[in-house]
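Please model the complete structure; the sequences and the hints are all you need to start from.
Count the sequence shown with the UniProt record's numbering and you get residues 1 to 529, in order.
Don't take each hint at face value.
As the list claims (entries may be wrong) - As a list, the in silico DSBU-like pairs of lysine-lysine whose alpha-carbon atoms are at most 30 Å apart: (1) Lys41 with Lys160; (2) Lys23 with Lys378; (3) Lys160 with Lys508; (4) Lys379 with Lys41; (5) Lys169 with Lys223.
Hint data in this document are derived by calculation from the structure and do not stem from the laboratory.
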Amino acid sequence: MNMASEVLMSEANNNHDAPLYIKVHAQDNVAIVVNNDGLPKGTLFPCGLQLMEHIPQGHKVALDDIASGGNIIRYGEIIGYALRNIARGSWIDESLVVLPEAPELHSLPLANRVPAPLAPLTGYTFDGYRNADGSVGTKNLLGITTSVHCVAGVVDFVVKIIERDLLPKYPNVDGVVALNHLYGCGVAINAPAAVVPIRTIHNLALNPNFGGEVMVVGLGCEKLQPERLLQGTDDVQPISLDAGDIVRLQDEKHVGFKSMVDDILALAERHLQRLNQRRREPCPVSELVVGMQCGGSDAFSGVTANPAVGYASDLLVRCGATVMFSEVTEVRDAIHLLTPRVANQQVGKRLLEEMSWYDDYLSQGQTDRSANPSPGNKKGGLANVVEKALGSIAKSGTSAIVEVLSPGQRPTKRGLIFAATPASDFVCGTQQLASGITLQVFTTGRGTPYGLTAVPVIKMATRSALAERWHDLMDINAGTIATGEATIEQVGWQLFELILAIASGRQKTWSDQWGLYNALAVFNPAPVT
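Quick look at the structure:
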């Protein structure tokens, strides 16, 4: 699939009043309207196309007559079938698009079109925090791990005291993060699927932005005892801690609430003293681990922001960095475009395993992929999950997929990686944190103030109207691609350079400037008892 879009219009690119539409692929029989307020009935394009009705921004117009049951094609792929006859120039909203079957997993070719390695890109560095385990952080944070949600209120109380009283004493520490979650007790701790939340919480504590300083606050009676949390699962490295690095609120030594608070504060200060000794130093870009995510997507996501992110992904891979893309349900319907790109048959089989696992997971919940997209996605012009997936995978760029991770696993390779997660913004972000990202890029067409405390989140707008209206929430604007003011390559380079500046601490994201952060949402597919 060629992700380079062509922009067709009646006048020059710099005339914003000209009617514009974007057709992605030569075989497409639909295009999306670019103009901010949509276009009225009767609008005439140079190609002779005339609109039969008003079409909102981002929504599809039929470029040809499409018969009932006929293919509706975008990105050169069938995104659905016409519910009834659709005349050329008509608005194709989601109600007219019949969802096709998902690609059959067992017959897909694996590794039959593996991309050649991209030319190395050298000479780029960022200023990061080196860790004893060889990883490099982009922030210098104290992470406080919790073994059960019961202690979250106490930990939050202590975090406020740390921020007020302790952090001023340790100016080289960027902040403190309570790794709270809803897991730990009242759960089927030995269920096979419990491996996902246990592994996730274990690996959250090891995120490189926490500098290897692990401390745990537990209650005492929970199912997920701190020792079990630190041991983790069969596919993780156990965390070795001194007994003093674990605070249990039910310990008999704690007489009153103040005793608990003082114990946590004393432990936190010991870790802060070590973290305060860390300094940024020049590091090769190969040490970066960058997560790519989209949320509040629209029809522009797949032609502006996500392709620009894909271009930046290729630049990072060329530098030897690790790039993760995720969101199983927003990959599943484009999986046939990814399996040929896997580095080898083994990676391809792992990719299919994660798709199949999630198919079964949805089936057990008596739902399917049609539950995605959201109402906002549809308002932004996305008809169904097929169209959404075809735009979503553009974030992966063009390089070979070298590894596939189950939810919460950490990578063992560098390069382009598929880290399986749900599509939910909050869950995907949490799972990518557990997989070790140190910075995240988040594209949005509808807009979201989403942020993560543990890593910088660069938010990229798919439309200029959003970037202008949310000028102090969006870090970068890809909408200029839609109007022809910039190319995918130019915005991709702009993003790459912004990643290095933010990873180095030379610039802050808007979410970090305002302190806008979402709570962690650990994926728990296991039963709650």
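Hint by hint, here is what the structure shows:
no.: 1; hint: Lys41 with Lys160; result: 57 Å, violated
no.: 2; hint: Lys23 with Lys378; result: 19 Å, holds
no.: 3; hint: Lys160 with Lys508; result: 22 Å, holds
no.: 4; hint: Lys379 with Lys41; result: 19 Å, holds
no.: 5; hint: Lys169 with Lys223; result: 37 Å, violated
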